[in-house]
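Each chain, letter by letter, is given below.
Protein chains: 2
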Amino acid sequence: MDIKAYMQSLGISARAAGRVMARSDSGVKNKALLAIAGALDEDRALLASANGRDMDNGRSNDLDAALLDRLELTPARIDGMIEGLRQVAALADPVGEVTAMNYRPSGIQVGKMRVPLGVIGIIYESRPNVTVEAASLCLKSGNAAILRGGSESIHSNQAIAGCIRKGLAAAGLPDTAVQVVETTDRGAVGELVTLSDYVDVIVPRGGKGLIERISREATIPVIKHLDGVCHVYIDDKADLEKAFNIAFNAKTHRYGVCNAMETLLVAEGVAEAVLPRLAAAYAEMGVEMRGCEQSRAIIAASKQACSAASEDDWLAEYLAPILAIRVVADMDAAMDHIEKYSSRHTEAIVTEDYTRGRRFLNEVDSSSVMINASTRFADGFEYGLGAEIGISTDKIHARGPVGLEGLTSQKYIVLGDGHIRE
Amino acid sequence: MDIKAYMQSLGISARAAGRVMARSDSGVKNKALLAIAGALDEDRALLASANGRDMDNGRSNDLDAALLDRLELTPARIDGMIEGLRQVAALADPVGEVTAMNYRPSGIQVGKMRVPLGVIGIIYESRPNVTVEAASLCLKSGNAAILRGGSESIHSNQAIAGCIRKGLAAAGLPDTAVQVVETTDRGAVGELVTLSDYVDVIVPRGGKGLIERISREATIPVIKHLDGVCHVYIDDKADLEKAFNIAFNAKTHRYGVCNAMETLLVAEGVAEAVLPRLAAAYAEMGVEMRGCEQSRAIIAASKQACSAASEDDWLAEYLAPILAIRVVADMDAAMDHIEKYSSRHTEAIVTEDYTRGRRFLNEVDSSSVMINASTRFADGFEYGLGAEIGISTDKIHARGPVGLEGLTSQKYIVLGDGHIRE
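Protein sequence lines correspond, in order, to chains B and X. Using our numbering, the first residue of the first sequence is number 1, and each one after it goes up by one. Using our numbering, the first residue of the second sequence is number 1, and each one after it goes up by one.
What the hints contain is simulated information worked out from the structure, not anything from laboratory work. Just so you know, nobody snuck in bad clues.
Computed cross-link-like contacts, BS3-like style, restricted to lysine-lysine with a CA-CA straight-line distance of at most 27 Å:
| id | chain 1 | residue 1 | chain 2 | residue 2 |
| --- | --- | --- | --- | --- |
| 1 | X | Lys112 | B | Lys242 |
| 2 | B | Lys112 | X | Lys237 |
| 3 | B | Lys4 | X | Lys340 |
| 4 | B | Lys303 | B | Lys242 |
| 5 | X | Lys112 | B | Lys112 |
| 6 | X | Lys4 | B | Lys340 |
| 7 | B | Lys112 | X | Lys242 |
| 8 | B | Lys340 | X | Lys112 |
| 9 | X | Lys112 | B | Lys237 |
| 10 | B | Lys166 | B | Lys31 |
Note that the structure is a prediction, hence the values are computed from the model and not measured.
With these hints in hand, go ahead and build the complete structure from the sequences.
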C-alpha cells in the first residue's frame, strides 16, 4: 500500500466533504448524529465481535490491564457513545452565528460570522469511543474529519466507522465527511500531519510522547495538550474549611486526570493550622506526600510520612496518588513558584482576601485560573461547552477546554449598498 | 557574534518584560505610547540623520526606486508615526475584558478573561515606520515584542528603537518590552522563529518569499498573510450602477495592495451590459485586461484591447494595473471559480437578489466576504479595529484584519465559594 497516496486520497475526499458539511444546516447535521446513534444501537453485536478481536489481539500482545480496560467496548460504553451523540445533537449549532455587526463611518456594516475550520485531523490512542466523540464534534461544527486511532483498536474503530457512514448516508451527507484511517501503518500519522492542502488543524489526543512528536512533525496548526501540572495555593487569608475541602478534592477526586492538583502550595502563616489535617486525610487515601523542609517538619510533627521533594517533583505530572507540598512565604512566592514550574493548565487560590484574589486571577497565566474552587472543575462539561475535543495548553486559537467553538473560525462579513472606498 | 546566544538573550529579556507588561494597567501603557510619540518628535534630527545613512547605503547598493521610497523617513512619515501612537493610545485596552461569565449547575461561575499572548516576534522588510506600528500594538495589548526589520533600514530602526526605549522608561516600564534586533545577520530570523520557549507567536510582514520561508522554518505559531487574489462577482441581478462603481473602485483605487480586485467575474446575462463601460474606464486608467474568450469578444466589440487570459492569470496577484476578467454562467459558476482560484482573502458579490446574497455570504470561504461593497474595505481601520498588525489568510486564531484582539488570547476564570467536584 502506498501510504502517501492513500492519505492524500483521504485528504482530497475530506476537503470535498468539508465543503458540503460547511453549508449543511443544523437539522441535517443533527439528523446524521441521531442516525449514527441509531446505527450503533443496531450494530451492538457487530461492535462486540470487532472489539473482541482487538481484545484478543491485545491479550496476545501482552497489553497491560489499564490499556485493555481502555480498549474494551462494554455495553455501558456503547450506551455512553449513544448518549454522547444525543447530547451533541442537542447543542446549539455554532456555525453561522453573526456577532458585532456594526455600521462604520464609511456606511458599510461590518460583522463576524462563525464558520467551520474545514477538515480536522484527529490522532488518538487506544479508546475506541473517542472515534464517536471526535466525529460528533467535527460534524456538529460543520467540519469533515480524518480520524487515526490506535492500531490496537483498529477493528473496533472500523466497526464504529461503518455505523458513522450509515448515519451520514441516512441524512444525505457524504460518507467521506468522517473517514477513519484503515491501516495500522505508522507512516499514516506522519502523512496526516503534513497534508497542509487538505487538513486545517490537527488535534492529537494521547500521551506526551505522541503530542511532542506530532508538534515536531506537523506543518499544519496543532491544538495541543501537554502536561497538567496544576497547583492549589492556600493563602494565609483562606477560610481553612474551604481550603481543606478544595485541596483534598483537587488531589483525591481522581488521580489520573490532567486537572488533578499535583503540587500544593501553603502560606507559611497557615501551614501549621492546615497541613496536619490535610496530611492525615491524604495518608488515609494512600496519597504519598513529598514536601519541602518546612512542610516535612510540620507533617512529621503530626505523625505522618512525607519524603523530601526534589526539583523534579515540582515539575512532575504524577497522574497518581502522589502529591508535592511546599510552604511559601506569601502569595507572591506562590505565584513565582507557579510561574517557574506550572504547565499553565489550571491553578487555584483559596483566599477570602479581595485584592489577592483579584491579583491571582489577573496575573497567573494559565488556561484556567480559579478562586475558591477545585482544579477538577477545569473541564468542558463543567464549563458548559457540552463536550470537549481536548484541553488546549496553547495560547493561540483555543486555550483551555476546547468544544465546538474551538473547531470553528470567524470570517468578516461586510454589507454595503454600492459602497466604494473614497 | 554568537547569533544563537544573542537571540536567546533577547528572548529571555522579552519573556521577563512580557510578564511586567501583562500586569501593567492601561494608564501606564498609554503613558508609554505618548512618551514614545514625544521622543520621536524630539529626536527628528537624529532620525533624519540615521535614515540618511540608510538611504545613502541603499543608493550605493542600487536599491530600486520603490524600495528607496519605502525606506525614506520624511517629516510627514514621522508625523504619521506620532499620530499612529496617539491613535493606539486612544483605543480601548483589550486586556482583562471578562466575557460570558455565567453560573453553572455546580454553582461555580465561569467566564473568559482576555490576556496578552506574551511575546510577539515580528519580522518585516524595508519600511522603518513598521517598527513603531508593531511596537505600539504589542505594547497596548500587554505583550513584549522582538522586532526584526530589514537590513537596509537598520540605522533608522535603531534610532526609532532608542525613542521607544525612552518612552518605555518614562512610563516606568522595562525598556526590554520592545527590543529591535541590532544585527543584520540573516541567521537572526532563523533563530527568532525557533525560540519556542520565549516567543509565543510570529507575525511576518513582507513578500510571499519571506512568509513562506518563515512558515517552513518556524516552530512557533505564525499569523501569516499570503496572497490577496480578490474577486468581485457581478451577478445578473446586480444594480449595474453599483456594479460599475464597485468593480472600478476595487481595481483602480490602489493597485499595490492586497485587497485590490485581481479577477472580475461577470454573469453572462449582464456581461454585454456592463463590460463595455467598465473596459473603457479601465483602459482610460491604463489597466491592462486579460480575459476569457467571451469577455474578450464583448470588450473587442467595444473597441478596447483585452488579451487572452491563461490559467496563471486566474491565480495571479498582480498588485499592478492588470485585471483578469471572466464571464461565468451564474453565481454557482462564480463560486466554483473562487473556490478553485481564490487565495481566500476577500471576495464581493454585487447583487440585489436576497437569496443569492445570503448564499454567497454563507458559502464563500474567505477571510472577508462582502455584498455590494468594494474589496478595498478589507482593512483594519475600515473595520474599526483602530489599527492592524496584518491581515491573516489563516483560519486558526485570527482571520482577516488582525488588530489588538489578535495579539491576545482568552483564559478561563472560575469563581467559587469553596466548591468541590462531587
